[in-house]
Every structure is written in structure tokens, then in C-alpha cells.
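Chemist: Each chain, written out:
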Amino acid sequence: MQTVLMGHLGLRRQERLINAFAYLALAGAIVIVFIPLLWMLSVSFRPNIEVMRMPPTWLPEVFTLEGYAKIFSNPRYLLVFFNTALVSLLVTLISLFLGAMAAYALARFKFAGQRTVLMFLITTQMFPLVLLCIPYFRIFISLGLYDTRTSLVIVYLTFTLPFCVLMLRSYFLNIPRDIEEAAMVDGCSRLGAIFRTLVPISYPAFIGAGLYTFLLAWNEFLFAVVLIESWENRVLTMAIYSLMAEFVTDWNAMMAFSVLASAPLVMIFIFLQRYMVQGMTAGALTS
Amino acid sequence: MLLALKRRYREEVLAISFLWPALLVLCGLLLYPLGDVVRLSFYESNLQKEVWVGFGNYIALFNDPLFWKSFWQTVVFTVFSVALHLVIGLGLALLLNMRLEPAFRALARGLLIVPWLLAPTVAGMIWVLMLAPFGIVNGMLSSLGLIDANFAVSWLGDPSTALGSVTTMNVWRAFPFFMVMLLAGLQAIPKQLYEAASIDGATLWHQFWHITLPQLRSVITTIVLLDSIWTFRAFDPVFVMTGGGPAHASEVLATAIYFDGFQKLRFGYASAQAMVMFLVLFVVSAFYVRRAMNANQ
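Order-wise, the sequence lines are chains A and B.
Take 1 as the starting number for the first sequence in my numbering and just add one per residue.
Take 288 as the starting number for the second sequence in my numbering and just add one per residue.
These are calculated hints, taken from the structure and not from any lab test.
Idealized CB from N, CA, C, for every residue including glycine.
Some clues are possibly wrong.
Simulated DEER-style distance windows between Cβ atoms [as the list claims (entries may be wrong)]:
(1) Ile30(A) to Thr508(B): 26 to 36 Å
(2) Ile30(A) to Gly432(B): 21 to 31 Å
(3) Pro477(B) to Gln14(A): 19 to 29 Å
(4) Ser505(B) to Thr116(A): 40 to 50 Å
(5) Gln14(A) to Ala390(B): 45 to 55 Å
(6) Ser505(B) to Ile49(A): 22 to 32 Å
(7) Asn48(A) to Asn350(B): 27 to 37 Å
(8) Pro204(A) to Leu491(B): 57 to 67 Å
(9) Ser505(B) to Ile201(A): 20 to 30 Å
(10) Asp186(A) to Trp307(B): 20 to 30 Å
(11) Asn48(A) to Gly432(B): 26 to 36 Å
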């Protein structure tokens, strides 16, 4: 009896020790993971002469908003933000709309070729995107769409649409079809029933898929490099890259730009973390 | 007759009427371009004129040491990235799954996801700044006494460290994906399994080895396959941080294809390279697709 009790107490202590270790290790991990992010913030608030000083200082000696001022006073940079937001929003809306339609067909009807369609959708997510660059470049030149924001909205669908279809389908599958059928008996058309019952119920899936799509479109780089030439049509990722190539030493402006480019996503994430994690998990498992 | 046919294929007709826009877009965006690349890989092309060369591009490719260099570097980049994603992701997921304050757990998970939200371009640029000869990495290492402050390492400019530096950045940016997926997997393991095991006197290590890992196997296989595919085709980290240099020391397939096509204007040669990459990915994808299809049935 006594030994059992001792053993039990020992376990308790062991558990408490392990738990304390978990808190410490996680705190340590957060610090390490945040070093690059804090460095980005710190550099964005210091004058350029302080950037490459040895030994480096964690906090700026002179606090300045010069980097941010350079971004906000230049209409070219502001246009880039507008372009990115516009392209990402359009891609998200189109992907969700077309994706929901296809997902509905895949979740509600049985038809020949369903397996093939599903397989095709899963396979498309594995495509090497750099392979597509070559034909896209040639096709958009011959269509007269090279160097337009429209071309980006179109090609981003390559990787956002299959994801939206698969995620929405798996959500629709878990919603009993009686709900729409009841609405249809009550005199709704099929489309009316979908919009009045299925879509409102599935809002978490729409938010999750939409956020993930928005993130992918906002952060895309390769197609933007290949398909866009002029400054008026550039998006953020590409503008950041060309800034780095053009002004190698203007680090505070570049870091300010990076902070501003990441801030919208981080903000959205803070408020909608639950849905975003859902989208992330579903994106990989698609089941 | 027509009515009977319509009734017979009612589901098909309805399904097609919802499905066609998405399918049309995807076929136009994927199948047609793929055909175009296949065709182009048998030509010499610089956009102005095209000359049929048969398997010429492929033969040249397999005799090109630069192609093999970028191929193996892609493999190394992928293997190290995925392995480290898995180790770090699993470690953090296990920590997050312990008996913590729910608020602390939510906060820690949220904070640790942040690198994954950043564009690879942005993340790459932060690391370029940090890894510069007078950057913070050298600063920290020399204040720890690990390197001599007067002989600052040029991490991205030195052929022996360039690929490793890019890999490090990629590990930092993408581990949260593994962490989130594995945490979801851990939370799905029935608690009774552990209770039964600890009554039987199994140590924590035994529990991890005989319960946790087997239960996570399916999630691990899926995300390892996915991440391998994503990393193998990755373009942004290398292009932004090193441009494949110095002297191709960090070249991967995606950047090699880009440079061959869009800088040297050898579109046929670039297409042949893209086809090789496509075939490699196709084989890996086949495993993933089979798993995903089973999960979808």
C-alpha cells in the first residue's frame, strides 16, 4: 500500500516537473521563432546607418518613422497595396463561388466520372507551378493579357479553386440533404434552397476556405514575376523583390514595407484564427 | 423517350450544370498548358521561332551537369526541410498537447503560427538582412564567441553555406503547418489508450513509441508527402535569397527552369526540365492521391 502511494506521489511530481518544462520550452520556442520578426520590426524603426552596426543592438538607438514615411509618401507603393488587395479579393470571391457550385455537385449527386473529377482536383494541387509559367507567359502574350492584373486573377485560380472545391465539398457532405429538400418542398427552387439553407449553415467552411485562398493569393510570387512587367500592375511580393534588387541599402524602408505587407494577414489571423486553422487542416487532408 | 432519358440521367445533368464552370476553368488552366509544355519540350524555341529537335532537349538535359546539380540540390533541400519540419513540428505539437492552461495554449499556438502567414518573399528578405556579413546572425554568433567578429561569414555568398541558409529560412517559415496538423492529430487520440498504458506501468517513452506515433502515422504520412511535393517545387525562397547562386551552389529545379526559360530564352530546354520535374512529382503525388481518395470514399 505504502509503495503504491509513494509511486503515485512520485508520478505527480514527475508530471508537475514535465509540465513546468513544457511551459519553459514553449516560451523558449516562441522567443526563438520571433527573433526574425522582432528584428524586422526593430530595423523598420531605425535609421539606415544603424542597421549593419557591429555589434548589433536589439533596440534602435534613434527611433524613427522614416522607413514608413518613405512608403506612405510614395503613391507607387500605395498602388501596389491596392493591386494586391484587389487581386486577392477577386480571386477569393471567384474561387468561393465556382468552388461552392462544384462542391455542391460533388457532394449531392452521384454521377459517372465523379471519382475521376475528384482525382483530377486532388492531382492539380501537386502540379509544379513553374511548369505552367512557360505556357501562361506565351498564352497571355497572344491573348493581349500579359502585364495585366486580370491575368493574375485568372492564373491564381489554378491553385485556389481545387482547394476551395475540396474543402467545401467535405463540409457539405456533413450537412444532411433533408435541410435543402425541406426548403424545396416548401416551394423554394433548388438554387433558392441552396442559398437559403446550405450556404448560411456552411459559413465556417466559407470563411476558412476564403481566408486560406486570400492568404495564398496575397503571398504568391512566381506568377507575378512572370506575368507582370510595369509598376502600375505590380503586387506586393514582387514590389518587395524589386526593391531589394534596386536599393540594396535602404533596409528600413524595405522592412517597413515587409511589416505593412504582413500586417493585414496577421490582423485577420488574430481575429479569425479558429477558421484559418480549420482551413489549413482541411487543405491538407481534404477529407 | 426524351423525358425518360432526362429522368434516367437527371443526376448527371444536374451535376454537370453545377460542375462545368470550375472544370472548364481548371482544364483551360492546367490541361491545355500541360499539353503545350509537352509539345514545346520537343522543340528548340525562343518565342520567335520553333525548330523540331525530337528528344534533343532531353538528351542535352541528361548530359548537363548543371541539371544534375540542381536536381540533387532540390532533393537535399526537400529532404532536410521536410525532416526538420517534422521534428520541430512534432516536438512543439507534443508540448502544446500537454496539460497547459487553455489560454496559454491558444496564445502559444497563435504566436508560433505567425511565420507561416508571411509571404516566402518577405520571410526571405528578413533572412537576407539577418544573414548579411554585418547582420544579426553573425553579431549573435560572435557575441557568443562562436565566430571571430573580424571574419564575418557571408552566409548567402559562400557556396558551402548558401543552400543550408535557404533551408533554415524555409524550416522557420513552414514548420507551423506541421505543428498545427500534428496537434490536431494528437487531440484526436483517445485518452483511454494512455490511461490503460499508464496503469500497465508504461513509461512516457513507451507511450510515445507505442501509442502516439502509431496513432499519428496516417497524419504524418499525409503531411510528409504534401510537404515533399510543395518543397520540391518551391521557387520563392531560393529565388529571393540567392537567385540560385553563388555559382549555382543553391540552384534548385524551379529556379533553373525559370532562368533557362525567362533569362536565356531557351523555352524548349526549360520545358524538358519542367517535364522531368513534373514526372518526379507525379510519382510522389500518386501516393498522396491514393491516400486522399481513400479518405474521400
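Chemist: Going through the earlier hints one by one, which of them does the structure break, listed in rising order?
Modeler: 4, 5, 6, 7, 8
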